[in-house]
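*Asks:* Counting in this note's numbering, the sequence shown runs from 3 upward without gaps.
Calculated from the structure, these hints are not laboratory results. Just to be clear, a hint being listed does not mean it is correct.
Subject to a maximum C-alpha distance of 20 Å in a straight line, what follows is the list of computed PhoX-like cross-link-like pairs (lysine-lysine) [unchecked claim]:
(1) K42 to K238
(2) K41 to K186
(3) K41 to K233
(4) K144 to K119
(5) K89 to K119
(6) K233 to K119
(7) K41 to K238
(8) K136 to K119
(9) K186 to K233
(10) K186 to K6
(11) K240 to K89
(12) K42 to K186
(13) K238 to K119
(14) K42 to K6
(15) K76 to K41
(16) K4 to K186
(17) K186 to K238
(18) K4 to K238
(19) K42 to K233
The calculated label-pair distances, taken between Cβ atoms and stated as ranges, are [as the list claims (entries may be wrong)]:
(20) V245 to D19: 43 to 49 Å
(21) L120 to M78: 34 to 40 Å
(22) D125 to K42: 46 to 52 Å
Every residue gets a Cβ at the ideal spot worked out from N, C-alpha and C, and that includes glycine.
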Amino acid sequence: MKLKELDRYFRELLPIDEFEGTDPSLNGIQISRIDEDIKKVAFTVDASMEAFRRACDWGADILFVHHGLLWGNKAMRIDGIYYRRLKFLLEHDLALYAVHLPLDMHPEYGNNAGLVKLLNLTDVEPFGEYRGCKIGFKGKFKNRMSFDEILQILGAERQACAGLLQFGPEEITTVGIVSGSAPKEIEQAIQEELDLFLTGEISHENYHLSLEGNINLIAAGHYKTEIWGVKQLSEKLKEDRSVETCFMDIPTGL
Numbered sequence: 003m004k005l006k007e008l009d010r011y012f013r014e015l016l017p018i019d020e021f022e023g024t025d026p027s028l029n030g031i032q033i034s035r036i037d038e039d040i041k042k043v044a045f046t047v048d049a050s051m052e053a054f055r056r057a058c059d060w061g062a063d064i065l066f067v068h069h070g071l072l073w074g075n076k077a078m079r080i081d082g083i084y085y086r087r088l089k090f091l092l093e094h095d096l097a098l099y100a101v102h103l104p105l106d107m108h109p110e111y112g113n114n115a116g117l118v119k120l121l122n123l124t125d126v127e128p129f130g131e132y133r134g135c136k137i138g139f140k141g142k143f144k145n146r147m148s149f150d151e152i153l154q155i156l157g158a159e160r161q162a163c164a165g166l167l168q169f170g171p172e173e174i175t176t177v178g179i180v181s182g183s184a185p186k187e188i189e190q191a192i193q194e195e196l197d198l199f200l201t202g203e204i205s206h207e208n209y210h211l212s213l214e215g216n217i218n219l220i221a222a223g224h225y226k227t228e229i230w231g232v233k234q235l236s237e238k239l240k241e242d243r244s245v246e247t248c249f250m251d252i253p254t255g256l
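Make a model of the complete structure from these sequences and hints.
*Replies:* In structure tokens form, the structure reads like this:
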């Protein structure tokens, strides 16, 4: 499989082009490679030296990440940590591919869709408007759930979560989900009178918003809520194309 073919595959599967100009991430190929042949594709959440080294040790030709190296429209100085990262990629002929918001919002293979499946929600609808697009989902539990039961399903230990606020109903029926960092989107959950807002990380102001909005909040961790897209894409690509894939779990605890 050629690099251009792989790029076309991801662009047909994910709405990458729709987010051009609105996503702070440069989505698509961020770093190319001399050898266009792609036989092994590694997947992980964050572009980092640990990820680059592990991908090379596995023999990957390209690394697919949710959080890439190139952000924003301004020119970036390549020095320090970023110089060493770029140098490593070029010296090892390892290509880098990043997809940010299109992977958050995809209804089947996205991060939020993965959380919807994990929680086994019904009556699922788009939720959580960000830069003019709803990137999350809201839905209902099949049965009323307690706060701790939901934590158990998420595999989230209380002491490891970025934030837990129990200011809403004890019996939880409805939930709004926006993976990653979504402190502002809790206001939309309050407006829609949801019982629970689930995200990755929050800010200080979320305490009083949650308290006064009578809503429960689980911030399960930025990383923990954003493993789903890359994991699902790894399996999807392996099924669809004759390439080897692997998901590299590199948790940050944040």
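*Asks:* Give a verdict on every hint.
*Replies:* Each hint tested on the structure:
1. K42 to K238: Given that 20 Å is the threshold and the Cα spacing comes to 14 Å, the pair holds.
2. K41 to K186: 41 Å, violated
3. K41 to K233: Within the cut-off at roughly 18 Å; holds.
4. K144 to K119: Answer holds: K144 to K119 is near 12 Å, not above 20 Å.
5. K89 to K119: Answer violated: K89 to K119 is near 39 Å, above 20 Å.
6. K233 to K119: It holds: about 13 Å lies between the C-alpha atoms, which stays within 20 Å.
7. K41 to K238: 15 Å, holds
8. K136 to K119: 18 Å, holds
9. K186 to K233: 27 Å, violated
10. K186 to K6: Violated, because 37 Å separates the two Cα atoms, which is more than 20 Å.
11. K240 to K89: Roughly 29 Å between the alpha carbons, so the hint for K240 and K89 is violated.
12. K42 to K186: 38 Å, violated
13. K238 to K119: 16 Å, holds
14. K42 to K6: 15 Å, holds
15. K76 to K41: 33 Å, violated
16. K4 to K186: 41 Å, violated
17. K186 to K238: Answer violated: K186 to K238 is near 32 Å, above 20 Å.
18. K4 to K238: Judged against 20 Å, a Cα distance of about 17 Å means the pair holds.
19. K42 to K233: 15 Å, holds
20. V245 to D19: 43 to 49 Å: About 23 Å separates the Cβ atoms of V245 and D19, which means 43 to 49 Å is violated.
21. L120 to M78: 34 to 40 Å: 36 Å, holds
22. D125 to K42: 46 to 52 Å: 40 Å, violated
Violation of the numbered hints given earlier is confined to hints 2, 5, 9, 10, 11, 12, 15, 16, 17, 20, 22; the remaining hints are satisfied by the structure.
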